[in-house]
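Student: Chain residues, written in single-letter form:
There are 2 protein chains.
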Amino acid sequence: MGNWRDNLRNIEPYVPGEQPDFKDMIKLNTNENPYPPSPKVMSTLNSFNSDTLRLYPDTNSKLLVDALAEYYKVDSEQVFVGVGSDDVLAIAFMSFFNSNKPILFPDITYSFYNVWAELFGIPYERPELDDDFKIKTEDYYRENGGVVIANPNAPTGVLQDEKFLRDIIEHNRDVVVIIDEAYIDFGGQSALFLTKEYDNVLVIGTYSKSRSLAGMRIGYAFGNKELISAMNDVRFSYNSYPMTRLSVALGAAAIKDDKYFKETTQKIINTREWTKKELKRLGFKFENSMTNFIFVAHDNVRADKIFDKLRKKHIFVRYFNVPRIDNYLRISIGTDKEMEYFISELEKILESDIM
Amino acid sequence: MGNWRDNLRNIEPYVPGEQPDFKDMIKLNTNENPYPPSPKVMSTLNSFNSDTLRLYPDTNSKLLVDALAEYYKVDSEQVFVGVGSDDVLAIAFMSFFNSNKPILFPDITYSFYNVWAELFGIPYERPELDDDFKIKTEDYYRENGGVVIANPNAPTGVLQDEKFLRDIIEHNRDVVVIIDEAYIDFGGQSALFLTKEYDNVLVIGTYSKSRSLAGMRIGYAFGNKELISAMNDVRFSYNSYPMTRLSVALGAAAIKDDKYFKETTQKIINTREWTKKELKRLGFKFENSMTNFIFVAHDNVRADKIFDKLRKKHIFVRYFNVPRIDNYLRISIGTDKEMEYFISELEKILESDIM
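Those sequence lines, one after another, are chains A and B. One point on numbering: in the numbering used here, the residue at position 112 of the first sequence is 112, and numbering is uninterrupted. Going from the second sequence to the numbering used here is simple: count from 1 and add 355.
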């Protein structure tokens, strides 16, 4: 009796950042956008006819796919959408990584990559980043089953340039190369144009950061039609109606408000640059982040100690208790007001600690 | 070059029912509810603060899980939620069916079961239903890696009783037995109480039929805490924020309007019973459906012929071009007005055909 336990899948699940819920908190721990979604999202929501919710959504999420295709100037057949970029990445892993050779991604990167590899039984190796958190390109010249590069990388914030990407791709024309661009809108240039040159490149994006819609779970991918079609085959073998009617409607509305998108991302970039100066003044070191977060260490005070002290003040940042980065904090960029308060409280913590 | 194609996952995806979009159509092809969701859903939607959509949802969907737990009188730890019951079933397959022995489900049942088995590399066998579309219990006495029973079954509409379920479970205490109850609210009794007696039973439900929220993609499962915890581990290894903020909010609102739920399901049951009488009068034969659809064949006129003629009149029903059931139509139950129109048009088709 109870031998059914023998057939359970044993896995170590991904641990998402905590979601504290205090009225007075400053939440800088999960890289959300401090600004609300576009007013167009609000008006679409408030005028939505709930009667239509009795019907299944469009299985192809055409309204959303077409809006993305129009904005990014690609064919609709080159666009895939999913329930956040996590869903898009998971489906890409299932669709493209069915070789016996290991897939490659850095030792320090988005911590979900190895979780999906474990879940789907995909072999993987994690070449080490150098001491400045840069990828050593030659690590990706060896035979492999696929490559995954977050650009800019998380949690380091480091952006690598077009030359670097081309080098990686040119050495990996026989596998699919995934470029995960969750943070690209905060100062980087998308590799979308490389999907036109290389048929084995998939570029992945998300609404959760720059488009202020983490709550609606919308991710997307661009690639040649064959890649997208293979992903849709897997998608429709898993769930034939993945996106809610409201995700499709609000996602399409958000993308049409380009002015708001540019204004809010620029505000975040400005606040980030101000925050960098302040953090430098307080003695923190960090690589030059091109994302909506900064990954920092302090010479004199341990990261976990700062983390705990901030936490007591209801200021939440992210700490990873993981080798090589266990003296770092990842600080999401909030509003100017939030960051000013954060810096002033951080300064107090450092002063009290040094005394 | 281009050898990346060698690593593609080759699969035959599930084909969902077509989603035609005509102003004048009668849509009886995907078992949706003809009535809109509860007015409580509408008021929750219209008063929803879109600013909160910038934040990730609660990873545990606590508001929705607690609402289901309260309504169905179980602990919150015994409840799992997902993006429609398709997502819940897919995760259950991944979580529980990791044996080398084949899982078992009938040859005629929900056509997604074998698609998931293929996708996840799970061996399976499909014992034949008898000529009345009933399961032969003894087919499920053999050694296996798991059992999946849709009750009532789709697309046949046949409901099997508690004695049958107990017999299946008693013979399969060493594997997980999934009871898929997508259609249970239209006249059956849920097997939820069996999850209290048997630690290996998982009961799955959906908001897409009886709760008029197919568009929001909400499914759920009940089982002992250990089963639910194993599913959550897989869930959080795939996508840590699966449910949108609006799915959680609207799902919780819907479950609290029990009066509306009971009124609308009763209306559908009444319309179904009227439709059965009319279909009998027109010479159709069918098992006694306890769902929101009827699965019918006619002695004199081929199903595909009726299907085509209805289609030309913008009346959409479902036809499966599959052995053993290729002379059947699955007709979803609409409003009284829709079914009266459907029956009158069907009568004209039969008359013209016989002449």
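For the record, the hints were derived by calculation from the structure and aren't laboratory data. Hints may be right or wrong, so weigh each one.
Stated by the list, open to error - Pairs of lysine-lysine residues, derived as DSS-like cross-links and limited to a Cα-Cα distance of at most 27 Å, are as follows:
1. A:K313 <-> A:K40
2. B:K580 <-> B:K611
3. A:K134 <-> A:K285
4. B:K378 <-> B:K611
5. B:K456 <-> B:K580
6. B:K622 <-> A:K313
7. A:K62 <-> A:K276
8. A:K262 <-> A:K305
9. A:K305 <-> A:K348
10. B:K668 <-> B:K611
11. A:K312 <-> B:K551
12. A:K276 <-> A:K262
13. A:K40 <-> B:K551
14. B:K580 <-> A:K23
15. B:K456 <-> A:K62
16. B:K631 <-> B:K580
17. B:K622 <-> A:K62
18. B:K622 <-> B:K660
19. A:K62 <-> B:K378
20. B:K580 <-> B:K632
Student: For each hint, tell me whether it holds in the structure or not.
Tutor: Evaluated hints:
Proximity of K313 of chain A to K40 of chain A is assessed by CA-CA distance (about 35 Å); at most 27 Å being required, the pair is judged violated. A C-alpha spacing of about 24 Å is found between K580 of chain B and K611 of chain B, which places the hinted pair at or below 27 Å, so the restraint holds. With a C-alpha separation of about 16 Å, the suggested pair K134 of chain A and K285 of chain A falls inside the 27 Å cut-off, and the hint holds. For a cut-off of 27 Å, the pair hint linking K378 of chain B to K611 of chain B is broken: about 32 Å separates their Cα positions.
At roughly 25 Å between alpha-carbon atoms, K456 of chain B and K580 of chain B fall within 27 Å of each other, so this suggested pair holds. Only pairs whose Cα atoms come within 27 Å are accepted, and K622 of chain B paired with K313 of chain A is rejected, the gap being roughly 55 Å. For a cut-off of 27 Å, the pair hint linking K62 of chain A to K276 of chain A is broken: about 41 Å separates their Cα positions. Restraint check: the Cα-Cα separation between K262 of chain A and K305 of chain A comes to about 36 Å, which exceeds 27 Å; the hinted pair is violated.
Straight-line distance between C-alpha atoms of K305 of chain A and K348 of chain A comes to about 13 Å, which keeps the hinted pair within the 27 Å bound. As the CA atoms of K668 of chain B and K611 of chain B are separated by approximately 39 Å, the hinted pair breaks the 27 Å bound. As the CA atoms of K312 of chain A and K551 of chain B are separated by approximately 42 Å, the hinted pair breaks the 27 Å bound. Pair hint K276 of chain A plus K262 of chain A holds up; C-alpha atoms about 21 Å apart against a cutoff of 27 Å.
For the given pair, K40 of chain A sits about 48 Å from K551 of chain B by alpha-carbon distance, which is inconsistent with the 27 Å threshold. At roughly 32 Å between alpha-carbon atoms, K580 of chain B and K23 of chain A are farther apart than 27 Å, so this suggested pair is violated. Taken as a hint, the K456 of chain B and K62 of chain A pair is broken in the structure, with Cα atoms around 40 Å apart against an allowance of 27 Å. Between K631 of chain B and K580 of chain B the alpha-carbon distance is near 41 Å, which puts this suggested pair outside the 27 Å criterion.
Under the criterion of a C-alpha separation no larger than 27 Å, the hint pairing K622 of chain B with K62 of chain A is inconsistent with the structure, at around 33 Å. Taking the CA atoms of K622 of chain B and K660 of chain B, the gap is about 30 Å. The hint is violated against a cut of 27 Å. For the proposed pair K62 of chain A and K378 of chain B, the alpha carbon gap of about 19 Å is at most 27 Å, so the pair holds. Under the criterion of a C-alpha separation no larger than 27 Å, the hint pairing K580 of chain B with K632 of chain B is inconsistent with the structure, at around 44 Å.
In this structure, the earlier hints numbered 1, 4, 6, 7, 8, 10, 11, 13, 14, 15, 16, 17, 18, 20 are contradicted, and the remaining ones agree with it.
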